[in-house]
Amino acid sequence: MKDIVVNFTLNGRQCKKLVPANKTLLRFLREDMYINSVKEGCNEGECGACTVLLDGHPVNSCLVLAAELEGKTVLTVEGLTDDDRLHPIQEAFIEAGAVQCGYCTPGMIMSAVACLNLYGHPTREQIRKEMEGNICRCTGYTRIADAILLSVEKMDAIVAEQGADVAFRGIDKNFVEKWNASYEVK
Amino acid sequence: MSDYKLTPCEKYQAEGREWDRLVVKRKDTTGEETVIGHTQVRKDGVEKVTGTAVYGADINFPGQLYGVCARSPHAHARILSINTDKAKALPGVVTVITGADYPEPYGQFIADQPIIALDKVRYQGEPVAAIAAETEEIARAAAELVEVEYELLPVVNDLEESMKNETLIHEDWSKYECSSACFPVQGTNIGDHFHLCKGDVEKGFEEADLIVESEFRCGQLQHTLIETHTATAAANPYTKELQVWTPNQSPFSIRALMGKIYGVSNEKVRLTMTHIGGGFGGKYEAKCEPIALALSLKCGGRHVKLTYDRHEEFSATVCRSTVQYYMKTGVKKDGTIVANQIKGYWDAGAYVTTNPRVDYNAGFAANGPYEVPNVKIDTYVYMTNRTLGTAYRGFGVTEASTLHEHQMDIIARKLDMDPLELRLKNCLHDGSIGVTGEIISTCAVDECLRAAAANIGWDKLPKRWVDEEGNLCGKGIACFNKLTGTPSTTSCIVKMNENGSIYILSASREMGQGVTTTMPQFAAESLKIDLDKVSVSPVDTHQTPYDKTTTSSRSTFHSGNAILQACEDIKKQLCHLAAIKWKCADEDVVYTAEGNIQHKTDADKCININNVGKSGIMHEQDPVIAIGRYGTSDIFDAPPVDGRQSKRPTVMWMIGAQAAIVKVNPVTGRVKVTKIGAAHDIGKAINPTGCLQQIEGSVVMGLGHAIMEEMIYEDGNLRNGNMVDYKVPTFMDSDIEIKSTLVENGHPEGPFGVKGIGEPGLVPTAACIANAICHACNTDFKSLPIKPEHILFREEAND
Ligand code: FES
Ligand code: FES
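Protein chains in written order, with my numbering: chain A, 59 to 244; chain B, 470 to 1268.
It should be emphasised that the hints constitute simulated quantities derived from the structure, not laboratory data.
Predicted model only: the values in this text are computed from it and were never measured.
Some clues are possibly wrong.
[To be verified] Below, a list of computed lysine-lysine pairs in the BS3-like style, where the Cα atoms sit at most 30 Å apart:
{"no.": "1", "chain 1": "B", "residue 1": "557", "chain 2": "A", "residue 2": "81"}
{"no.": "2", "chain 1": "A", "residue 1": "187", "chain 2": "B", "residue 2": "480"}
{"no.": "3", "chain 1": "A", "residue 1": "81", "chain 2": "B", "residue 2": "1132"}
{"no.": "4", "chain 1": "A", "residue 1": "187", "chain 2": "B", "residue 2": "1256"}
{"no.": "5", "chain 1": "B", "residue 1": "1196", "chain 2": "A", "residue 2": "187"}
{"no.": "6", "chain 1": "A", "residue 1": "231", "chain 2": "A", "residue 2": "130"}
{"no.": "7", "chain 1": "A", "residue 1": "81", "chain 2": "B", "residue 2": "644"}
{"no.": "8", "chain 1": "B", "residue 1": "480", "chain 2": "A", "residue 2": "212"}
{"no.": "9", "chain 1": "B", "residue 1": "557", "chain 2": "A", "residue 2": "187"}
{"no.": "10", "chain 1": "B", "residue 1": "555", "chain 2": "A", "residue 2": "60"}
{"no.": "11", "chain 1": "A", "residue 1": "187", "chain 2": "B", "residue 2": "737"}
Make the full structure from the sequences, and use the hints.
Shown next, in the form of structure tokens:
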């Protein structure tokens, strides 16, 4: 199988790697980039444990080939923390009791980031819809929705205190706008 | 991260969900606890949200090999020959092993299972060879090259087939080493039998005004843990030192099993535990561990990593057995139950594994939490050519509860009584005689039933109604009692570090249920030390003291007791060190309730536990370290096999009830559970949010069991062995209003009165949902799951 060179950004860092053409993003991240947060649950797009953001969009990394990474940006939970400080979403997952065995958690958090980029202030119904692809066997889900609502509140409070310019990793206020624009160009 | 602190958030938890506490009786707690009884942020939270928690598959070693199993496509076949030459010849393959390499069979109750199939295969997906290779791809390719010649045998697809005993899955039980807790029947497919007899059921039936007979079946379920089974092993073929890194629930029983399989004494077997990505009983058995070890032994001790994919997880790990129950009840006109007779048949799959324990636990629970003078229970474990049944959150009691609660509703209907009233009339109270003849104590079934019912507004609702949109609506209720495995023992080491912080070494496994947080809470409460200063060690059988297993909702109860005992010793040791420093007698120093090491007469001589590290009393003195033990052998009255009558069959009964409101769309057959009212007697809520998490998670899991999940076999072939076709509840199913009551009826032997809550949340869920659906549709559904097709083609009940 041919190897392909890809240039991409992973959690804010520029990377250049040689990847086998048939290697999934999931295995590439775990085996070659040592990103342990990305979990394998099914390897067929059904559990969401492997969710990462690819150019801001949540994808099941088990269904994406690493060879497609050229020019793309990948974000995982490792890229959410600011030095040793947790992201408000991570804090909220702990404080709302949204974590039990924790195996689904990194994928859940990435889907949550995507959900917030889509809605900013999502309703419970919107959260349920956006997060449907992430399976959790432990929590019963409701506390995960709580955590997302709590994270919104936390970020709102920080914005109120520090001004609208404050940035949160992975959160892009203009995500929807940019997304729509990208369609128009095409 | 020292500059900020995470605090529990209760705000959102009130939205759509409420909870309250009902204190029935308190034993040895003052209500003035500062750590216990208050929600604490879970200690394993930060590593889990940052992706730094290490699970089974995150273990990697330089130069490790990858294991893969070659599996049987047939459910039942004789192996005529195996040829591994082509597989061995594939470049990159290091070894290929077959059953003949390690023929010693294993099994916790009966040693009926080879690591790799020997002379025959008994289920589809059973390993017939295992390969270790440089990459997973090569190993998988090699697995395809293993050539096996099979002679097909008739397939025993289900219970009904098995009960004919025409085709035997195990021809000769007597060949196997069998423990004293397993009762196979020679010449049949019966792998175990349970018999309980209290009073005289025939006499009871004669006294009854009404006899009610019913049947109930629970389908076969997969745990669907998001983390599949995995193990990484390094086995030194020369010294016979074996080490496995694994996310297993039961390190010490796996250690004993591995020692036995490989003829190695316990101290040479080392189980190093990773985080567990979901347990629920599914990671109780040895699955990948023995095969990874066998491969490593044949590869000169190199690390071998064996991880099952989702398809293997479905077809070739473990599941919850199907059970078919029959129940006959004699009841008086006023609703008093005078006799219960129960027959049950488990479809245990191809090997016995933990089924005798499932059979046993369910046997004691099958009568329900009711006082019935005459009870007879006979249940059988039957073998079929399906994947292996094992523990699944509740150890059979969940299934037993669907049976007796279905029966209670039929009785209520026939007597035209309210289902809640019938249950309250018959339920156990303190002083009642239980199903084993035991005098029942700390029993809050009545309180749980009332609270669960109140949580959905039971009294104000009719049995069934139709809403504005034409949906058929109904309410249902269910209760249960479950024992915890007895006797069992645990131990812990509590050590104080040089800086005055505390480390707990205990083999109670964190699998999401929160022991990493509750265990430190006990130490913090006892010593009055800051919770932040207490942590739990990783689990490793070479370092951590013995604990039987993390199952049966026993951890908080057992490890809590051991920790409290060790903490008393820590207090003594600290007083002794202070006495040395203050040059006084040990008796002159006391450990106060506030956590002060205090000179009795000299008020100035006082060290608070949180300052003990700086106080200098430990400097160059004997280290502060204590052992705690707890076991239940002394209180246990072993129930004899001739009828299982016992004054104390278990150290702790867990009790609870749930009520449900459902909406059924008569056109689509779809069921929506709108409300669940839960009430569980947890003895004492150590970490209240932790208790609620167990209940809420269980409710959604139980919803799946009630209306969605079932493994479907045809002729021994698993038809839905993947997450597309085997549906588990998703976020979209979570829109349920849950109201929980934590009933605190302190257990006299529980630490701070605690009981268990790991399994109980799930036990009544499917039962109460099923009952609500039956009411809504005016139908006796006789099996779970109740799927839309069952609803569309239902027959109304008429009596
Ligand atoms: S591993 Fe990718 S969705 Fe399950
Ligand atoms: S927390 Fe265990 S799967 Fe979600």
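Comparing the hints with the structure gives:
Of the supplied pair hints, the one linking residue 557 (chain B) and residue 81 (chain A) holds, its CA atoms being roughly 25 Å apart against a limit of 30 Å. Taken as a hint, the residue 187 (chain A) and residue 480 (chain B) pair is honoured in the structure, with Cα atoms around 23 Å apart against an allowance of 30 Å. Among the hinted pairs, residue 81 (chain A) with residue 1132 (chain B) is inconsistent with the structure: their alpha-carbon atoms are about 46 Å apart, more than 30 Å. Straight-line distance between C-alpha atoms of residue 187 (chain A) and residue 1256 (chain B) comes to about 23 Å, which keeps the hinted pair within the 30 Å bound.
At most 30 Å may separate the alpha-carbon atoms for a hinted pair to count; residue 1196 (chain B) and residue 187 (chain A) meet this at roughly 17 Å. A hinted pair counts as satisfied when its Cα atoms are at most 30 Å apart, and residue 231 (chain A) with residue 130 (chain A) qualifies at roughly 19 Å. Only pairs whose Cα atoms come within 30 Å are accepted, and residue 81 (chain A) paired with residue 644 (chain B) is rejected, the gap being roughly 48 Å. Note on residue 480 (chain B) and residue 212 (chain A): the hinted pairing holds, with a Cα-Cα distance of about 13 Å set against a maximum of 30 Å.
A C-alpha spacing of about 49 Å is found between residue 557 (chain B) and residue 187 (chain A), which places the hinted pair above 30 Å, so the restraint is violated. For the proposed pair residue 555 (chain B) and residue 60 (chain A), the alpha carbon gap of about 26 Å is at most 30 Å, so the pair holds. For the hint pairing residue 187 (chain A) with residue 737 (chain B), the CA-to-CA distance comes to about 51 Å; that exceeds 30 Å, so the pair is violated.
Going through the hint list in order, the structure does not satisfy hints 3, 7, 9 and 11.
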